[in-house]
Amino acid sequence: MKRSTILSTLAIALMSAVSPVAAADIVFGGSAPMSGAQAEFGQSQIDGAQLFFDQLNEKGGIKGNKVVFRPLDDRADPRQGTLVAQQFCDAPEVIGVIAHMNSGVTLPALDIYSACEMPQVVPATNPKLMEMGYKTVVRPVANDFKQGALPAKHVSGKLGLKNAVLVHDKTVFGQGIAGVFKENFEKGGGKIAGTFGVNPDDVDFSALIAGIKRENPDVIYMGAGMPQLALFLKQMREQQVNAQFIGPDIGFTVDLIKQASPAFAEGALLTFQLPPYDSSPELVDFTNRHQARFGRPPGPYAALGYVNAQVIAAAAEKAKTFDRDGVLAELHGVKANTLLGPVAFDEKGENVTAPVYLYVVKNGKFELVKE
Amino acid sequence: MALTLEHVSKRFGSLVAIKDLSLTFERGAIYSIIGPNGAGKSTVVNMVAGSYTVTSGVIRLDAHVVSSLAKHQIARLGISRTYQNLRLFDGMSVLENLEVCFFTDSLPGLFRRGGHRMTKVERLKRCHACLHDFNLADVAENLAGDLPYGRQKVLELARAFVTDAPVVLLDEPAAGLNHTETKEMARRIASLKRSDRAIILVEHDMDLVMSISDRVDVLNHGELLYSGSPDAVRRNEKVQEAYLGTAAELDIVRKLTEGRRTSGGIRAHAGVVRH
Amino acid sequence: MLDYLLQQVIFALAIGAIYGLIALGYTMVYGVMRLINFAHGEFFMLGPYLFTFTMAALLALGGLPPLVDTIVAIVVSFVAIGVLGIAVERFAYRPLRAYGRLAPMLSALGMSIVLQNAIRVTVGPQPVHFPAIVPNSPIEMLGGMVTTTQLGILAAAVVLMAGLTAFVNGTRIGIWIRAASESWTTSSLLGIRVNRAVSLIFFIGPGLGAMAGIMYASYYGIMQPTMGSAVGLKAFTAAILGGIGSIPGAMLGGFLLGAIEVFGTAFLPIVSGGAVGTEYRDVFAFAVLILVLLFKPAGLLGETVTEETVVAKKDY
Amino acid sequence: MGKSVFLRRTGLIVTLLVCVALLVKVPALPPYYVRVADSILIYIILAVGLNIVVGYAGLLDLGFIAFYAVGAYTYAFLASGQFDIHLPFLIILLIGAGTGALAGILLGFPVLKLRGDYLAIVTLSFGEIIRILINNADDLTNGPQGIAALDRARIFGLPLISPTNFYFLLLILTIVVCGAVYFMERSILGKAWRALREDQDATRGLGINTTGLKLAAFAISAAIGGATGVIFSAFQRFVSPESFTFQESLLVVLIIIIGGVGNIVGIAAGAILLIILPEVLHFAAQYRLLIYGLVLVVVIVLRPNGLIPPAFNLGHVIRKIQALWLSPSNT
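Protein chains in written order, with our numbering: chain A, 1 to 371; chain B, 372 to 646; chain C, 647 to 962; chain D, 963 to 1293.
No wet-lab data here; the hints were simulated from the structure.
Bear in mind the structure is a predicted one, so any value in this text is a computation, not a measurement.
Where a beta carbon is used, it is the ideal one built from N, C-alpha and C, also for glycine.
Simulated crosslink set (BS3-like; lysine-lysine; CA at most 30 Å straight-line):
id, chain 1, residue 1, chain 2, residue 2
1, A, K182, A, K348
2, A, K187, A, K348
3, A, K146, A, K182
4, B, K491, D, K1282
5, C, K942, D, K1075
6, B, K496, D, K1282
7, B, K390, C, K942
8, A, K182, A, K365
9, A, K370, A, K162
10, A, K162, A, K182
11, A, K335, A, K320
12, A, K128, A, K146
Have a look at the derived ranges for each label pair, beta carbon to beta carbon:
id, chain 1, residue 1, chain 2, residue 2, range
13, B, A373, C, I821, 46 to 54 Å
14, D, R1281, B, S600, 53 to 61 Å
15, A, P92, C, F913, 58 to 66 Å
16, D, A1273, B, A508, 21 to 29 Å
17, B, A508, C, R818, 51 to 59 Å
18, C, G837, D, A1273, 33 to 41 Å
19, C, K942, D, A990, 54 to 62 Å
20, D, G1043, A, K335, 30 to 38 Å
21, C, P741, A, G64, 52 to 60 Å
22, C, P741, D, A983, 33 to 41 Å
23, A, K191, D, G1043, 28 to 36 Å
24, A, T287, C, L713, 33 to 41 Å
25, C, N841, D, S1149, 41 to 49 Å
All chains, please: the whole structure from these sequences, using the hints.
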């Protein structure tokens, strides 16, 4: 008796989990890890997108229609990701999604999204995702090929450093981007003295650094997340390893400088897909709005979430009908001016101009490195 | 053909529990091992059953060297036992407690060495017959843990006899039982005597020991003090002095043995609490 | 090579000390309750958060010298987390005592999820910078480099462990705890108030965990809501390695695990000629654990439970 | 008498309704719900498998997901472009069960001597070792990238595409596994396992090779885990180490305990609760896990023996249903 009550309660709750929306609203789905170890990054992306849609609604939405953003947590779990994907597919009012942050979650979900012809903006940056031949996807943000290549060229070319050590956290992202760096660094005449794997949740790198010190590298590239980048940087400077430190986009946050301490962070190089936050009025405005809306400066991927939202909204703006077909027809043809500059897609769905910028930490602040 | 202990010693760290003990148990008789607390009685049972390893010496059952085998192999050879504190499977029914004794016999040939495979029907027949013999038929489907203490003792006895093991070790079968129950237990054990079976008893209750044993082995400080018929043991002065004390103390000791029965009751109670 | 070795030994000691301190909490609870307290890692995580809040509150009140502030904040964290530990035991474990060992363990797991997410929701998921309590300056020593923080951690860990050992061995309440861990039933028959001993354990264990958390945060300069689950599992491994239930075992296990990890990182690639990289560190650590347990089935200093001891314990 | 007729009628109706719901109603739901049902069935099978070790034999295994991983990667190796091997699904299902069992025996050997929580930690270590090895063996498994674009599963030429296809496949497997495990539980093997759980030493004293008994438990449960892994990977058409974390092992253990240890009906209830709960809690956004944890603790504290009472087990249900269908005069 009791069991059936519990079950029926659950069933009712399950049915009502998808909240009803007014018929005229335009609904976009979004998914990223919002709980667990990667919650910080996933949430920042969701926040960024939310910020854009709020702003859009203030201006009257898309052709007078209110936009509703529906974020769902995928827990960075591939199985959970497929459930989320199916949930979006099943809801006819959802006419576009921004999903997912992790390549491993995106991969099995691609099948589902494409089966229901869901226009999809992909935040995950693994190059492979766009090589799978799905027609429903675009990616405004530079993939890891670009992001790994830029600093490799910079240090091997401009700075003339030739002896590098790679550290990565054995995740798709960390290992992938370190591999790209390696390829380009060797192309530029550099030599990789060693590759070291760490755990994604490690905080103590001191033993590893002492080992790296013996290799005496002049460059250390680290493909990992936060706070690992900051901790590694701090600990290597503590051991007086003075090699050039380079990290990927995820480290482009004031937390890196704070957690590594400004003195130790000095000189570190980081890549990011956006120009400096103070370089354009839009970015300044974005930063201020984020502060006002959420009470904190933009998180690691907030700006990228914003850009992804801009792209899906631009496709909807041009759509002849507010349904998946309408948006999908326009998705690849989107030409928009976003936070990261002009966006246009090639036949695979990659942004043809997707820029990557290189930053250096100077006096406790990120400064753009001009080529 | 017999169970023999040849110069067996057992050491726990620096404590020597059994010192160079040699004993032979033929089939067809009931043996009792007695001795004051700490004399090493239970140690002997535990060594024979394989619960303890033997420090030196050899234990044989007929041609097999028992002391180098694993516990379950010893049991398969036909040495079964009961425990001082009940070790029934409380969460299983009375019938199931007996059924598991035939687990290995019921396995397909690949997993069972020799013998024929026992069918479910045969197994149940054996178990029901045994339950009937031990007056447990009425509670066959009850959980073992729900039985009163006295019947749990009987069930453990039944479990030791159900497989027709040639050697049965009974570790204090009367512990925790009241006077009537002890009498009943003595009668039951006596009735289980068979020509193809040796029953070895470790017991504190002298009445029980003296009434049913064919031979009594007296241990003291891990050594065999005396071995003989109940009457001979009763008469032997060495035994009286070492085990029971001088004649003057005999009365006190008698009272103590009475007292032990009650303390057995407490222990039994603690045994129930354990689960 | 020698100074390299020495340097690595220093790292191993520092991380080992922290593991050992957390392992103490697991081992004490396990010793008495036979419970894997999965929530223990979260007490460790709560330590630095509470410390930060208390410091902020004290600074806002003002008027006290920083050293006094720090000491007050440490004491407040210890006591508050200890009280929380008692509350968790009351609410989530005590009702389950009669229901075997799986139910309390899973309840502990649930508590761990609750505590971790409570912080994540209230403070946020991001790692937060944690200022060093002891000013961090390097000292040259025999060709190796030691930082003051490392020395401080080692000293604090040794003092806390020694204090705990003295407490458990030397005081009346300590003897209760030991009695309760030997045999629950006997102790209660002897008139020892087992519940009180349990409460005490759930005060000291989480309190020590919180101390370890503060040291950890101060050493690495950050705290985050997930730090407990990652480190907690390792500390639990350390407790098992040393022999769970044994206080010296927890310390030994902690230092040993620290050494294994450092060895796995610093020497595994060298020893294997590059065939096995640093990414195999945890495989190495787990393999050592399994090997140790194969030869010492109850850990290094644990009481080996074989049938012999089980029979002896049950029958006498 | 009137009352018992009434009860029997309602019993019949309930049984029929459950069958209709499982066979007709669930597949007709929107794909998302079918997918959730698929997840539930996967975890029911996993938990029923693990229950052999945890519930029957009383050995706490915290690394069960490793066998699931072994099965999943078996499919990925044998039905993808990874090594360009493309075997039929059903054959891989058998191979997956076999490799799972092999891994189970491999794990079984070192842990046999260990007792209680030492065994738990070794199984945990084993689970982690498997995951890290998969993550590190880039040449074999693509490491963290995982193996994508796995073959579509086909059964006798019919491709399995939709969640509904997999629903039926999983439903059949669930019934087969639950039935097999149920008969095993009632057989002498199941009784020996229970004896092992109650008192290992006394069990040995009855001439039972407890080592073999434990190995059998590990092997059978691992075979079930392996087979489930094959289906999971055929369903997702992608495998990566992220799916096989320690958390997943814990989830399966949780399902068993929440539902009722050793009780197949309870396990089904536990799986339904623990898989549906996070889905329902999507509305709670960042509070989701907090609520999830609280529900866990409260449920365990309120019902320490599990949601479903031990008496209400599969045997009970089957007897009830038998009584309903066979000879109405029998009451």
